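Asker: Below are the chains, spelled out letter by letter.
Number of protein chains: 2
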Amino acid sequence: TGGLLKLTSPKDTPHRQDSAYLLIFIMLLTLTILTIWLFKHRRFRFLHETGLAMIYGLLVGVILRYGIHVPQSMSDVVLECAVNASPATLLVNVSGRFYEYTLKGEVSRGKDHQVQDDEMLRKVTFDPEVFFNILLPPIIFHAGYSLKRRHFFRNIGSILAYAFIGTVISCFFIGLIMYGFVTFMKAVGQIGGDFFFTDCLFFGAIVSATDPVTVLAIFNELKVDVDLYALLFGESVLNDAVAIVLSSSIVAYQPAGDNSHSFEAMAVLKSFGVFLGVFSGSFSLGVATGVMTFTKLRDFPLLETGLFFLMSWSTFLLAEACGMTGVVAVLFCGITQAHYTYNNLSRESQDRTKQLFELLNFLAENFIFSYMGLTLFSFQSHVFNPMFIIGAFLAVFLGRAANIYPLSFLLNLGRRNKIGMNFQHVMMFAGLRGAMTFALSIRDTATYARQMMFSTTLLIVFFTVWICGGGTTPMLSFMSIPVGVDSDQEYSRRSTKHESAWPFRIWYTFDHNYLKPLLTHSGPPLTATLPACCGPLARCLTSPQAYENEGRLHDDDSDFILNDANVSSLYADVTVSTDASGSRTINPKPSAAGPFGENRDRELDLVEREVTIRGTRLVLPMDDPAEPPTTVTLPPPPSPPRSDPHRHRL
Amino acid sequence: TGGLLKLTSPKDTPHRQDSAYLLIFIMLLTLTILTIWLFKHRRFRFLHETGLAMIYGLLVGVILRYGIHVPQSMSDVVLECAVNASPATLLVNVSGRFYEYTLKGEVSRGKDHQVQDDEMLRKVTFDPEVFFNILLPPIIFHAGYSLKRRHFFRNIGSILAYAFIGTVISCFFIGLIMYGFVTFMKAVGQIGGDFFFTDCLFFGAIVSATDPVTVLAIFNELKVDVDLYALLFGESVLNDAVAIVLSSSIVAYQPAGDNSHSFEAMAVLKSFGVFLGVFSGSFSLGVATGVMTFTKLRDFPLLETGLFFLMSWSTFLLAEACGMTGVVAVLFCGITQAHYTYNNLSRESQDRTKQLFELLNFLAENFIFSYMGLTLFSFQSHVFNPMFIIGAFLAVFLGRAANIYPLSFLLNLGRRNKIGMNFQHVMMFAGLRGAMTFALSIRDTATYARQMMFSTTLLIVFFTVWICGGGTTPMLSFMSIPVGVDSDQEYSRRSTKHESAWPFRIWYTFDHNYLKPLLTHSGPPLTATLPACCGPLARCLTSPQAYENEGRLHDDDSDFILNDANVSSLYADVTVSTDASGSRTINPKPSAAGPFGENRDRELDLVEREVTIRGTRLVLPMDDPAEPPTTVTLPPPPSPPRSDPHRHRL
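Residue numbers (my numbering), protein chains in the order written: chain A, 1323 to 1972; chain B, 1323 to 1972.
Bound conformation, chain A alone:
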């Protein structure tokens, strides 16, 4: 029983080593947090926390690789058996006892590069599925949950164009350029293994997902234009989803014929079908789970928060179990929950869920970035091919350009509020590659092509995060993009141009009059918005709280009845008055509240106050979130510290 005891004793060496390896990461994160604090304290903006986490990861990677030499354990036994398959589970018969082994993957003992199979490094480079199943979901969910929905939906057309059409363009553009490079390298004899066209396309898909977390943190701090922020954030959130579906469609198409890695029109169509099916399936699943509301648990915040957390996670798992993409599902689940479920939560649960996902996002993100740094040295099958790397950098640059400039030109034909050339340059520059690109490339490093892709991707991530991320502040001043813009005022000034877009208006009215009352306690009761013939149905679907709202709305709206024609003139007036006053004051928000805490509250408050009553639109821009909507009197007394021209207009 000696062998058995060794396996199961709580203090056996492998277990202790695992703890030590995990401890390395925890220490890395701790170090990162302490340094971030120092940076924030000293207002040092050239290196974001993610870039910092990567540097620490790199340093520890160097130490692990060259500094520490753990004596090689002699436990590896090479079985030379007559098996012609590599099953997922293996039962080994050792003198009458059966031991179960699970497949971890292929160990490359290729002919061309010597592997120094170091057990420690192998263990530090742990299972990439961890990224997909544990680290990515909270990041993606948080992106959806903290989305500034108003700015997002105002630019929804452009965002969808960049995210869907742009990412597909970028993917194929990069794929084609890389295929040219690879063909050339094969002719020159610079490439040492198979590299098919599908591999090139796959590479294009994984490096097309942008992740401007660094840039957005700086934008948030400097209060850069909200539309630019919305375009970049929206694009990066959605193109993560697009890239993951795109790459898995390419992989799904790949094994059709083992030798036919060439281009086939039929197979591309099939891939496109897979893409559409998976994306729309994941989308509906996420929205469906998000829409499922729970309203009665308000008295027990702990239960409510727990349920909220479990529902979000089960969306991910359900999508994965159905063969769809959990990341996409969890993204739309987050957006839907922020829009509907959030209003039903008790105030304490609203805080708790926000803080919980903020923390999970923070930890997961920094973990991934410090892991990236570590991987550069701990991963043992790197293939650094200088020509491939140069080609990839060129392709990534051109692919981004092929996404941004032509699409912006086309979008500007339709947009009233044009995307200026300086905005386009910033979007081009802010195309950082981050967590999703890394996770997709480390997921499969079995073949030569994939190993080369992984090593190259790692360099692309490092370069973009350090150089592009660090250069954001100089870039903004070079492009003369104004900073210190107050999002609320900005919004009111611009709303005349945007929100009159009819698809947005129809959706907004439908959502506000029917969906919100049905799914939340806020908004007007359905009995007021539905036609009279649906009375009984409306009564049973409306929650008691909504009637309380109705009483208030009744009192207010008698004064406010305006028709749509008035609304546009009202907008025009507001614009004029703002410009005429000339003295647009910028309210500095307290920056201590973190990147998302305080702004988000305002965001929600403002969305609430943008009340539409029975088809009539009424905009009440208010700056003070503490003031409840019911206490509005006309005309309000001018508040001395702030010039507030919109309110005077009313």
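Treat the hints as calculated values from the structure; they're not laboratory data.
Keep in mind it's a predicted model, so treat the numbers as computed, not measured.
Keep in mind that the hints are not guaranteed to be accurate.
Intra- or inter-copy, both count: the list cannot distinguish identical chains.
[What the hints assert, rightly or not] Straight line, CA to CA, 20 Å or less: simulated DMTMM-like cross-link-like pairs of lysine to aspartate or glutamate:
id	residue 1	residue 2
1	Lys1362	Asp1621
2	Lys1676	Asp1621
3	Lys1362	Glu1670
4	Lys1740	Asp1547
5	Lys1362	Glu1543
6	Lys1592	Asp1673
7	Lys1508	Asp1621
Please arrange chain B on chain A, whose structure you already have, making use of the hints.
Answerer: Showing chain B alone in chain A's frame:
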């Protein structure tokens, strides 16, 4: 490359199945939360959430076992190779490519019971190390972090006696009884495998850890006597730690001689040494990490919370990596952090950390209990031996009695506030077995003896949680133990008897005058408490905030200078006046604030206000936590809604 693609494609079947299995657990938790809400809403107290989670787990286990038949995958290949060892890693050479396999454990294909090796059931019964490394740490940390320290330290002597001496008595008592039973069963021929004396002792160790989570939830809701609560809670928290160290000491002793599973005085001494070493090592590690304070991050609650979380987790990992016990370390880390670090956190971080660990504890606990229910049917190597089960129930009952009654008798000789017979009966009855017992028994189910232990342990947990947990409310009324006792008043009334215990007083003064000022911002500055010769040292160790406190204290203490003699007369007066007034009002606390949220705040407030100034003790019992300590005026105006006799006395 077909095989490779199958392994790595994101939509391959094993991955989807894993998601589905995890989804089962998430659904179980969701169901549990919804039912708990229903129970709380209807004030139904006979079944606690953990008992409920077990029932749901049982039901799903039955469905999985008998309802669903997944077609057996044919991927298992049995290799009949000439290996005479079972290494942790296996490299299999499949036609030139090397695949790495990791050992999962022994698959029992014993001769005596037919195994229907169902892959689904095997996967649902996942790696028991998950319990130790992921689920237990947050539960144990939360226990330490939410410990009501004042009541705990007041009864520290009795708690240590029950937890250390009591658990060791119980372990050996149960071990001896079981050894008798097993010897008898061997003689009768009722036992089908090896069962040594060390196995009996191991069984004694794992079933000696009590976990009265059910009972304490009811105690908290009914406001049962605070001393009884403190005794039960303190014992259960510490005996988890004792049991885990005890069981690993027994295992560490076991492999010394494979055939000498008999009793040896020398080996027992060695085990005892291991026990002491591991316990004190883990204890110091936990306290050391807890003491490490971070004070400058207050401006960034997200960073602060993140750091707090990472520090707690790294304590666990560090202890495991050093060959100590992470659970013990994390427990004392939690207690220390609640005592010192908590005071340094910003208010927002205090809320965030409390809520985070409350949520983690809630999820982990319910997960473990629903998993327990599931395991009864999904685990495939159960050995239910009726005689062993009867013996175990008897031994557990007698072992608990041998712990409680003799120790209470001895403790009552020294205690001024005796532990009454009704209290002893309740403590006897409340000896539930829960998460720790389960985790220890599932950790190793390789041998026949361990499998029989596991099955028996499962039944013991079910029985105690359902019967003893459900019977708590009737038991309390049967034993005529008063409910609805307000802990603050109770404390003031009793304090005269307890706190005069000199070790407690010395520790309290030392902690308050030197440790708290050194480690936190609260308490008097060191410049005031240290002798004059240490002036420069004191100045550099005291934080600026502490001087602000000093200013306030100076103003106040001129009126309040009392010496120790006065203090005891003050106590006596308070007691008399409380009793004389006769109208002890019980302030009903709002129960919506959850089991720990609101009470804890009060707890901390009260500890803060119990100010000791330069060796002089001063007790200011105040009920209103919103009132800051500086605003105390003498005599305070009587607050109309509450009778507050203590304040009038002053």
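Asker: Using 20 Å as the alpha-carbon threshold, which applies to lysine 1676 and aspartate 1621: within, between, both, or neither?
Answerer: both (18 Å within a copy, 18 Å between copies)
Asker: Which holds for lysine 1362 with aspartate 1621 at a C-alpha limit of 20 Å: within a copy, between copies, both or neither?
Answerer: between (38 Å within a copy, 10 Å between copies)
Asker: Are the CA atoms of lysine 1508 and aspartate 1621 at most 20 Å apart within a copy, between copies, both, or neither?
Answerer: neither (67 Å within a copy, 57 Å between copies)
Asker: At most 20 Å between CA atoms: does that hold for lysine 1362 and glutamate 1543 within a copy, between copies, both, or neither?
Answerer: Answer is within; shortest intra-copy Cα gap is 11 Å, inter-copy 44 Å.
Asker: Tell me, please, which holds for lysine 1740 and aspartate 1547 at an alpha-carbon limit of 20 Å: within, between, both or neither?
Answerer: Intra 13 Å, inter 71 Å, cutoff 20 Å: intra-copy only.
Asker: Taking 20 Å as the upper bound on the Cα-Cα distance, should lysine 1592 and aspartate 1673 be classified as within, between, both, or neither?
Answerer: Neither. Shortest intra-copy (45 Å) and inter-copy (52 Å) distances fail the 20 Å Cα cut-off.
Asker: Is it within, between, both, or neither for lysine 1362 and glutamate 1670, if the alpha carbons may be no more than 20 Å apart?
Answerer: between (28 Å within a copy, 18 Å between copies)
Violation of the numbered hints given earlier is confined to hints 6, 7; the remaining hints are satisfied by the structure.
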